[in-house]
Amino acid sequence: MSDDVRIRYRKLPGHRRGFIRGASVWLGPDHLLSVKSMRFREEYRRFYFRDVQAIAIAKAPRFHISTRVVPVVLMVPVLFGSLVAIRNVFPLFWPVFWIVAALLLAAWVMVSSLFSCRCRIYTAVSGEELPSVYRTWTARRFLAKVEPLIRQAQGAVEGNWAEAVEDRGMGPVQTVDSSAPPEAPAAQEGARGSVAAMCFALALLGSSAFDFATLQSHAPWPTVLPLYFAVVKMAAATAVFVQYARGQATLAVRRLAIAELIALGILVYANQFRASIAAANPKNRTVTISTVVLGGSPVLRGIEGGVDLVLGMAAAVLTMAASKEA
Amino acid sequence: MPLPKWELAGGDTAMCTSCGSSNTVRAFPAILKQSAAERPEAALPGDACCYDHPAKRAVAACRQCGRFVCQLCAVEFGGETWCPGCVAAGAGQAKEARSETTRTLYDSMVLLLPFGSLVFWPALILTGPATVILGVMKWKQPLSLVRRSRWRFVVGMLLGLAGSAGCVWMIIYLMTMGRTLAR
Chain A
1 MSDDVRIRYR KLPGHRRGFI RGASVWLGPD HLLSVKSMRF REEYRRFYFR DVQAIAIAKA
61 PRFHISTRVV PVVLMVPVLF GSLVAIRNVF PLFWPVFWIV AALLLAAWVM VSSLFSCRCR
121 IYTAVSGEEL PSVYRTWTAR RFLAKVEPLI RQAQGAVEGN WAEAVEDRGM GPVQTVDSSA
181 PPEAPAAQEG ARGSVAAMCF ALALLGSSAF DFATLQSHAP WPTVLPLYFA VVKMAAATAV
241 FVQYARGQAT LAVRRLAIAE LIALGILVYA NQFRASIAAA NPKNRTVTIS TVVLGGSPVL
301 RGIEGGVDLV LGMAAAVLTM AASKEA
Chain B
1001 MPLPKWELAG GDTAMCTSCG SSNTVRAFPA ILKQSAAERP EAALPGDACC YDHPAKRAVA
1061 ACRQCGRFVC QLCAVEFGGE TWCPGCVAAG AGQAKEARSE TTRTLYDSMV LLLPFGSLVF
1121 WPALILTGPA TVILGVMKWK QPLSLVRRSR WRFVVGMLLG LAGSAGCVWM IIYLMTMGRT
1181 LAR
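Line order of the protein sequences matches chains A and B.
Just so you know, the first sequence maps onto residues 1 to 326 in my numbering.
Just so you know, the second sequence maps onto residues 1001 to 1183 in my numbering.
Each hint should be verified, as a subset may be incorrect.
[As the list claims (entries may be wrong)] No more than 25 Å apart at the CA atoms, straight line, and that leaves these computed lysine to any residue pairs for SDA-like: (1) A/K11 / A/G22; (2) B/K1138 / B/R1148; (3) B/K1033 / A/E129; (4) A/K59 / B/T1024; (5) B/K1140 / A/W26; (6) B/K1138 / A/R41; (7) B/K1033 / A/G28; (8) A/K11 / B/K1033; (9) B/K1033 / A/R135; (10) B/K1033 / A/D30.
[Stated by the list, open to error] Non-contacting residues of chain A with respect to chain B, defined by C-beta distances greater than 12 Å in every case (computed): (11) G18; (12) V25; (13) R68; (14) A107; (15) A156; (16) F210; (17) L225; (18) R254; (19) S276; (20) S297; (21) A316; (22) M320.
No lab work stands behind these hints, which were simulated from the structure alone.
The beta carbon of each residue, even a glycine, is placed where N, CA and C say it ideally should be.
If we strip away everything but chain B, and leave its shape as in the complex, we get:
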């Protein structure tokens, strides 16, 4: 979504010219720079050209595969330049430049599984051990980027153990009661 057209209404307030709403807008110098995608970089005769855009002049070579890349294709990270193909494939050192965009939160799964089972508590006899097994299997999986503790794993597995023990106890109790009544 591109930035809307604004008119400064004074101070920090900018008026949207489309809907007339009053917005608080903080603009920074990057707004005045032309993006690389807009910059014309036609390759002249004799110039090295981009591997993916033969009409554009190359500005660097990929550190991993050596292909020439134009301004648009160059992925700069850690003072080095990489081509999009190597970054996407995570080839060699180029994987350093690939930002992680998603993570699965196994610790939340382990914590929620026994709690979720309380909706239909007899399911705990299955989900209790499943929680413990899942917790052990996924213990070393990376946590959230912004979360540093594994307490969810610990609490979830303890709840799973408690649930399993409770179910086993109940089964034994019911069996004992059944035998007593039979006598």
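Just chain A, same shape as in the assembly:
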């Protein structure tokens, strides 16, 4: 809409910053603008003040990790590297570190479970969740800003509104046209038997079997072959993305592919980090930083094998279930 070019929106309390998805709500002259972003794309929903029927806030656990913590997480290796060197100067570093980490984790769990909520906004034709309003204190500030504007546009409800709407279906009207033919399933839901998904599952299970079979092996090849498995897994995940875009793979398998790529990346950096720490230890002069990006540590390979096993089995089960449905 051309008018949107000229509208200057003001940000309302609450901003959900995810790694891929984000959300926020903005205030226009006569409406709220809900913005849901997916990395390179934004979706907009407008809720005009005159149309808003109700705003409902229900307490609910929301275990969301904001991207704001990413810089903190990135600082941890730097902190580790710096403080390992002065460990003798500050011998209580590790106990204090773990206590602080545990307290922060406990605080996050408590806030996520006890002080979180879901906020929905209802009009006659829609009932939308506002993902950016997910903490109770944010919801209070959001209501404090928005409620007066809606009341200004509509006035206030007199009496007991719950009784007044008792016998009426409110919110979006759900109409069912019996004469209409049954809706064809969406492409992404309908196309199930994905070859790429099965290849992805097999790649993960194969890699997992290899990891577990050679966990205690001291031969050089178990440190090299994981690299080839990593390439195969990345290729299979890419194929899943392509098939999903073509409507031939399910959303669940695509999520598994994303999870596998994230796990792979974390393990690569964890392995390098482990090697760096080991090399920095003055007592251990035999350790050198390996150029092998995967498979350096039995512990990490065990973790990788476990992750691959779980994700691979999940992918296999989903693919087979989807094939049966099809």
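Here the structure of chain A is known, so what remains is to put chain B in place on it, guided by the hints.
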């Protein structure tokens, strides 16, 4: 999703009768109005009827195409009434009534491309120039509805240029080293 049935538990709190959860609910007068979809508007003999719903009485004519529209079909915007067909097609002035629902964020693409290439840094030799070209090509594309600055374009293109220059420098350096070693 329709509104659940609630019982007022006092003040701002409403109890969901389905799950028993306690919700904070702010209700507004629009909740008491009947929606246009529920309103019966049967056309009587002699009445003008809706183009898409012949059984319903027309309440206005589309400003673009002149078709009669009923209460359900009428799209009101800027004091004018339009039919859904003209709005969907963006025909003539009806496109003013069509709200933009999505936008592609080219500035974010330009910013993230060089950063993403750091995962496999040799790729910068390709993604660096690609970032600059993409930034120049998409410079005039509309930004996010709620974002007003093009700093992402600028930073992304500068990073792309720096990455490309770094790769070129490294290639020249390696070639020079190779010649020196050969001698």
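State the violated hints by number, sorted upward, taking the hints as numbered earlier in the document.
-> The structure breaks hints 8, 9, 12, 15; every other hint is satisfied.
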